[in-house]
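Given these sequences and hints, build the entire structure.
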Amino acid sequence: MRSLLSITELSVEEIDGLVATAKDIIAKPQKYAEICRGKKLATLFFEPSTRTRLSFEAAMYELGGNVLSVSSAASSSASKGESVADTAKVVSCYADIIAMRHPKEGAPMVAAMNASIPVINAGDGGHNHPTQTLADLLTIHLEKGRFDHLTVGFCGDLKFGRTVHSLIDALSRYEGIKIVLISPEELKLPSYVKNDVLRKKGIEFTQTTDLLAAMPELDVLYMTRVQKERFFNEEDYLRLKDSYILTPDKLKTAKPDLSILHPLPRVNEIAVAIDDDPRACYFKQVRNGKYMRMALIMKLLGLTPEI
Amino acid sequence: MNIDSIKNGIVIDHITAGRGMEIYNHLHLGDLDCAVALIKNAQSRKMGRKDIIKIDEAIDLDLNVLGYVDPGVTVDVIRDGVLVEKKSIALPAELKNILFCKNPRCITSTEQELPHIFRLTDPEKRVYRCIYCETKAD
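These protein sequence lines map, in sequence, to chains A and V. If you count by this note's numbering, then the first sequence holds residues 150 to 456, one letter each, in order. If you count by this note's numbering, then the second sequence holds residues 33 to 170, one letter each, in order.
Just so you know, these hints were derived from the structure itself, not from any lab. It should be emphasised that the depicted structure is a prediction, and the values quoted were computed from it without experimental measurement. It cannot be assumed that every hint is accurate.
In silico BS3-like cross-links for lysine-lysine, where the CA-CA straight-line distance does not exceed 25 Å [unchecked claim]: (1) Lys350/A / Lys78/V; (2) Lys377/A / Lys349/A; (3) Lys308/A / Lys390/A; (4) Lys157/V / Lys308/A; (5) Lys157/V / Lys134/V; (6) Lys238/A / Lys157/V; (7) Lys168/V / Lys337/A; (8) Lys134/V / Lys86/V; (9) Lys343/A / Lys134/V.
Chain A is nowhere near these chain V residues, computed Cβ spacing over 12 Å in every case [stated by the list, open to error]: (10) Cys66; (11) Met79; (12) Val107; (13) Val114; (14) Ile130; (15) Pro136.
Here a beta-carbon is modelled for each residue, glycine too, at the ideal position from N, C-alpha and C.
Here is the structure:
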């Protein structure tokens, strides 16, 4: 029995395997329609995240399985003071696999240590969100056909963006990856990610505050939201916010085959006018998240068929 | 200064001078009923000065604590007045309820019964991280 708490727990071979399974699901959905018949996924969401929960539930239904759902802490025993450990033990009696989102960092790990069934971390505070990274990875692979020899730009809030840190970690294991970090000074990638991941693995990277200057060399552009509450004063926010909004104008110097990703929800950091641009991949990314969650559920239940 | 040699017990030697009391507290030696001697600033050919702790009873020691607080210490086990075992203590791979996570967003901040576990993630820099939230220990 195995759980998935962080993207770093998956080897390169395992990620390649999940990508291959997800591509097979896309090509032959009927082959997978009954794989999880009789199995139950419990989605334990102790903080709101409608999209991630729906993605997990859609994934299980498309595999022919069923779903038991807790969609807020208020409607669960957690409101009566039940511990995460006890919740995991109880839910293990009803379900075959758990997807857990929790506001506290490490809660899914506590669940995994106590459950007798696999636990998938569906986001624990600002810590880990491995299935978002799996969605990002599948999108890159479908668009580019590879993970190696790519120049990937990350733009916006690189300081607090957990999806950015996880994707950098995952990509840093492939050859010829170049990372371009585009952010205001206040929201630069933390030095521990630069030291522990990029420098340690010898990944080439550059840092800039200028999205326009970085644009021409990018194969992939991963946008994130610059949130007002991250700034010390409103003046800085107002000065910087527009520099990191992607508009059709800013794409003039971009490669024709650039792939634009965003973990969503977006607020205004990508102009709606870009949605129809063939380079916009963020809604495909949502769909890809469901395929990767299907591949992951099968893997953790030991039900992945031969491709 | 003379301290009697012990017949059955443990000598924690080569403690970095000044850290003896810290080890004494970590091991809860104040709770023991037997004779315990803490010698501060003893002469040492190797270290210049060192602290030594002598415990006049063969107790089970949590060596993990020693490895974390002062990895250079040695533990001598004495039986019938004879040195029967000399243990060197390495940096422990895991610490349970020795360090406490201070991250307010960590699950340990709300679930009081959870053990606080830290794992050694960088032996060279002696970095320990909380297993739940990966916050670095101070």
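Going down the list of hints, with the structure as the test:
1. Taking the CA atoms of Lys350/A and Lys78/V, the gap is near 39 Å; set against the 25 Å cutoff, the hint is violated.
2. A threshold of 25 Å between alpha carbons decides the hint, and for Lys377/A with Lys349/A the separation of about 32 Å lies outside it, so the pair is violated.
3. Restraint check for Lys308/A and Lys390/A: satisfied, since their Cα atoms lie roughly 15 Å apart, inside the 25 Å limit.
4. Taking the CA atoms of Lys157/V and Lys308/A, the gap is about 24 Å. The hint holds against a cut of 25 Å.
5. This hinted pair checks out: Lys157/V and Lys134/V have alpha carbons roughly 20 Å apart, not beyond 25 Å.
6. Between Lys238/A and Lys157/V, the direct Cα distance comes to roughly 38 Å. Violation of the 25 Å bound is thereby established for this hinted pair.
7. Restraint check: the Cα-Cα separation between Lys168/V and Lys337/A comes to about 20 Å, which is no more than 25 Å; the hinted pair holds.
8. Annotation: proposed proximity of Lys134/V to Lys86/V is violated, straight-line Cα distance about 34 Å (limit 25 Å).
9. With a C-alpha separation of about 24 Å, the suggested pair Lys343/A and Lys134/V falls inside the 25 Å cut-off, and the hint holds.
10. Every CB of chain A lies more than 12 Å from the CB of Cys66/V, the least distance being 37 Å, so the non-interface label holds.
11. Every CB of chain A is more than 12 Å from the CB of Met79/V (nearest about 33 Å), matching its label as outside the interface.
12. Val107/V, annotated as away from the interface, keeps every beta carbon of chain A farther than 12 Å; the closest lies near 31 Å.
13. With a cut of 12 Å on Cβ distances, Val114/V stays outside the contact zone with chain A, its closest approach being about 44 Å.
14. Listed as a non-interface residue, Ile130/V keeps its Cβ farther than 12 Å from every Cβ of chain A; the least gap is roughly 18 Å.
15. Taking the minimum C-beta to C-beta distance to chain A, about 9 Å, the non-interface status of Pro136/V is violated against the 12 Å cut.
Hint check: violations occur at hints 1, 2, 6, 8, 15; the rest are consistent with the structure.
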